[in-house]
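Chemist: Each chain, written out:
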Amino acid sequence: MSSTFKAMVRVFLKAGVLDVQGKAVEQALHGLGFPGVADVRVGRLIQFEVAAADADEARTQVEAMCRRLLANPVIESFEVEIA
Amino acid sequence: MRAAVIVFPGSNCDRDCKVALERTTGAHVDMVWHQETALPDRLDLVVLPGGFAYGDYLRCGAMAAVSPVMDAVRAAAGRGVAVAGICNGFQVLCEAGMLPGALLRNRDLKYVCKRVELDVVNAQTRFTAAFAGQRTAWMTVGHQEGNYFADSETLDRLEGEGRVVFRYRENPNGSARDIAGIVDETGNVLGLMPHPDRAFESDLGSVDGAMVFQSVLQSALEAA
Chain E
0 MSSTFKAMVR VFLKAGVLDV QGKAVEQALH GLGFPGVADV RVGRLIQFEV AAADADEART
60 QVEAMCRRLL ANPVIESFEV EIA
Chain C
0 MRAAVIVFPG SNCDRDCKVA LERTTGAHVD MVWHQETALP DRLDLVVLPG GFAYGDYLRC
60 GAMAAVSPVM DAVRAAAGRG VAVAGICNGF QVLCEAGMLP GALLRNRDLK YVCKRVELDV
120 VNAQTRFTAA FAGQRTAWMT VGHQEGNYFA DSETLDRLEG EGRVVFRYRE NPNGSARDIA
180 GIVDETGNVL GLMPHPDRAF ESDLGSVDGA MVFQSVLQSA LEAA
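Residue numbers (numbering that gives the first Met the number 0), protein chains in the order written: chain E, 0 to 82; chain C, 0 to 223.
For the record, the hints were derived by calculation from the structure and aren't laboratory data.
Just to be clear, a hint being listed does not mean it is correct.
What the hints assert, rightly or not - Have a look at the derived ranges for each label pair, beta carbon to beta carbon:
#: 1; chain 1: E; residue 1: R67; chain 2: C; residue 2: Y110; range: 27 to 35 Å
#: 2; chain 1: C; residue 1: Y56; chain 2: E; residue 2: E80; range: 18 to 26 Å
#: 3; chain 1: C; residue 1: H27; chain 2: E; residue 2: S1; range: 49 to 57 Å
To be verified - Derived pair list, reagent style SDA-like, types lysine to any residue, alpha-carbon separation capped at 25 Å:
#: 4; chain 1: E; residue 1: K22; chain 2: C; residue 2: L57
#: 5; chain 1: C; residue 1: K113; chain 2: C; residue 2: L38
#: 6; chain 1: C; residue 1: K109; chain 2: E; residue 2: V39
#: 7; chain 1: E; residue 1: K22; chain 2: C; residue 2: E221
#: 8; chain 1: C; residue 1: K113; chain 2: E; residue 2: V39
#: 9; chain 1: E; residue 1: K13; chain 2: C; residue 2: D177
#: 10; chain 1: E; residue 1: K22; chain 2: C; residue 2: D177
#: 11; chain 1: E; residue 1: K5; chain 2: C; residue 2: A74
#: 12; chain 1: E; residue 1: K22; chain 2: C; residue 2: A175
#: 13; chain 1: E; residue 1: K13; chain 2: C; residue 2: S201
#: 14; chain 1: C; residue 1: K109; chain 2: C; residue 2: G54
#: 15; chain 1: E; residue 1: K13; chain 2: E; residue 2: A37
#: 16; chain 1: E; residue 1: K13; chain 2: C; residue 2: K113
#: 17; chain 1: C; residue 1: K113; chain 2: E; residue 2: L44
#: 18; chain 1: E; residue 1: K5; chain 2: C; residue 2: L57
#: 19; chain 1: E; residue 1: K5; chain 2: C; residue 2: Y110
#: 20; chain 1: C; residue 1: K109; chain 2: E; residue 2: A27
#: 21; chain 1: C; residue 1: K113; chain 2: E; residue 2: L17
#: 22; chain 1: E; residue 1: K22; chain 2: C; residue 2: N105
#: 23; chain 1: C; residue 1: K109; chain 2: E; residue 2: L44
#: 24; chain 1: C; residue 1: K109; chain 2: E; residue 2: Q20
#: 25; chain 1: E; residue 1: K5; chain 2: C; residue 2: G173
#: 26; chain 1: E; residue 1: K13; chain 2: C; residue 2: Y110
#: 27; chain 1: E; residue 1: K13; chain 2: C; residue 2: D55
#: 28; chain 1: E; residue 1: K13; chain 2: E; residue 2: V36
#: 29; chain 1: C; residue 1: K109; chain 2: E; residue 2: M7
#: 30; chain 1: E; residue 1: K13; chain 2: C; residue 2: R134
#: 31; chain 1: C; residue 1: K109; chain 2: E; residue 2: K5
#: 32; chain 1: E; residue 1: K13; chain 2: C; residue 2: T153
It should be emphasised that the depicted structure is a prediction, and the values quoted were computed from it without experimental measurement.
Note that the Cβ used here is the ideal one computed from N, Cα and C, for glycine as well.
Kindly produce the complete structure, drawing on both the sequences and the hints.
Modeler: And the structure:
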């Protein structure tokens, strides 16, 4: 018996990795008159459905997908949400 | 010498590499589609060419790194076949875990397309032996994600083991320690952002790239 779960994966560059996109967006926001903006990070959101026996198995599968393809562990960290 | 050039959907320097190899080494060159699971027999060199494999979807090189042919490429490197990833090919090799580190977006967010002067840091690899006493080389870069990144421990190890092969004399993209090209721990796998395939005839403005292909030819002749 398997059910379908909704997976939401958020991928961001790790803290020590310079996020040049984030920096550019930050400068643009300052230019638009939002001087209080700091530490902008641009990431990626990936959502999909996954069939699994239960939520734990779905999470295990999705984490494996993150390590093998969806994120690059050398430069990125990821968060998985299963619903 | 026999070589194979891997063709991914979105590769655009595959034919350049074939012509460069044929003209500089006289190699017989097969083009191998990324869905293949085996490479031709008795290969001396596999080239992963520049371009935009899979449209750079997800991350540059990420989709190509998990395409069917890559198991065969990994196995070939394990058998001692030379594997060279140029530009997008370098990104693929990093994503595939065959080289350490990753190529990030250029520091200035710009696509950089220009001639660059390189230091030939290690002329004792099978990809650089033909440079011999020549300490610098001109090649062309054309990339938006060529900013080499690795943690400082990895960078120290690369430098300590002589695995930084090419360095930019003027860093065009923010690469850590000006790194333009590295080899893996076996010395069989090279990744470089500059294009030797765009610098192998005087009409192209430089002939220095030919040395990379001729080095592999030399090592193939020595092994025979």
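Chemist: Hint by hint, say whether it matches the structure.
Modeler: Status of the hints after comparison with the structure:
{"no.": "1", "hint": "E:R67 with C:Y110: 27 to 35 Å", "in the structure": "29 Å, holds"}
{"no.": "2", "hint": "C:Y56 with E:E80: 18 to 26 Å", "in the structure": "22 Å, holds"}
{"no.": "3", "hint": "C:H27 with E:S1: 49 to 57 Å", "in the structure": "50 Å, holds"}
{"no.": "4", "hint": "E:K22 with C:L57", "in the structure": "20 Å, holds"}
{"no.": "5", "hint": "C:K113 with C:L38", "in the structure": "33 Å, violated"}
{"no.": "6", "hint": "C:K109 with E:V39", "in the structure": "19 Å, holds"}
{"no.": "7", "hint": "E:K22 with C:E221", "in the structure": "50 Å, violated"}
{"no.": "8", "hint": "C:K113 with E:V39", "in the structure": "30 Å, violated"}
{"no.": "9", "hint": "E:K13 with C:D177", "in the structure": "21 Å, holds"}
{"no.": "10", "hint": "E:K22 with C:D177", "in the structure": "21 Å, holds"}
{"no.": "11", "hint": "E:K5 with C:A74", "in the structure": "37 Å, violated"}
{"no.": "12", "hint": "E:K22 with C:A175", "in the structure": "18 Å, holds"}
{"no.": "13", "hint": "E:K13 with C:S201", "in the structure": "43 Å, violated"}
{"no.": "14", "hint": "C:K109 with C:G54", "in the structure": "18 Å, holds"}
{"no.": "15", "hint": "E:K13 with E:A37", "in the structure": "17 Å, holds"}
{"no.": "16", "hint": "E:K13 with C:K113", "in the structure": "30 Å, violated"}
{"no.": "17", "hint": "C:K113 with E:L44", "in the structure": "34 Å, violated"}
{"no.": "18", "hint": "E:K5 with C:L57", "in the structure": "20 Å, holds"}
{"no.": "19", "hint": "E:K5 with C:Y110", "in the structure": "37 Å, violated"}
{"no.": "20", "hint": "C:K109 with E:A27", "in the structure": "16 Å, holds"}
{"no.": "21", "hint": "C:K113 with E:L17", "in the structure": "24 Å, holds"}
{"no.": "22", "hint": "E:K22 with C:N105", "in the structure": "12 Å, holds"}
{"no.": "23", "hint": "C:K109 with E:L44", "in the structure": "24 Å, holds"}
{"no.": "24", "hint": "C:K109 with E:Q20", "in the structure": "11 Å, holds"}
{"no.": "25", "hint": "E:K5 with C:G173", "in the structure": "39 Å, violated"}
{"no.": "26", "hint": "E:K13 with C:Y110", "in the structure": "23 Å, holds"}
{"no.": "27", "hint": "E:K13 with C:D55", "in the structure": "20 Å, holds"}
{"no.": "28", "hint": "E:K13 with E:V36", "in the structure": "20 Å, holds"}
{"no.": "29", "hint": "C:K109 with E:M7", "in the structure": "31 Å, violated"}
{"no.": "30", "hint": "E:K13 with C:R134", "in the structure": "36 Å, violated"}
{"no.": "31", "hint": "C:K109 with E:K5", "in the structure": "36 Å, violated"}
{"no.": "32", "hint": "E:K13 with C:T153", "in the structure": "16 Å, holds"}
Comparing the model with each earlier hint shows violations of hints 5, 7, 8, 11, 13, 16, 17, 19, 25, 29, 30, 31; every other hint is respected.
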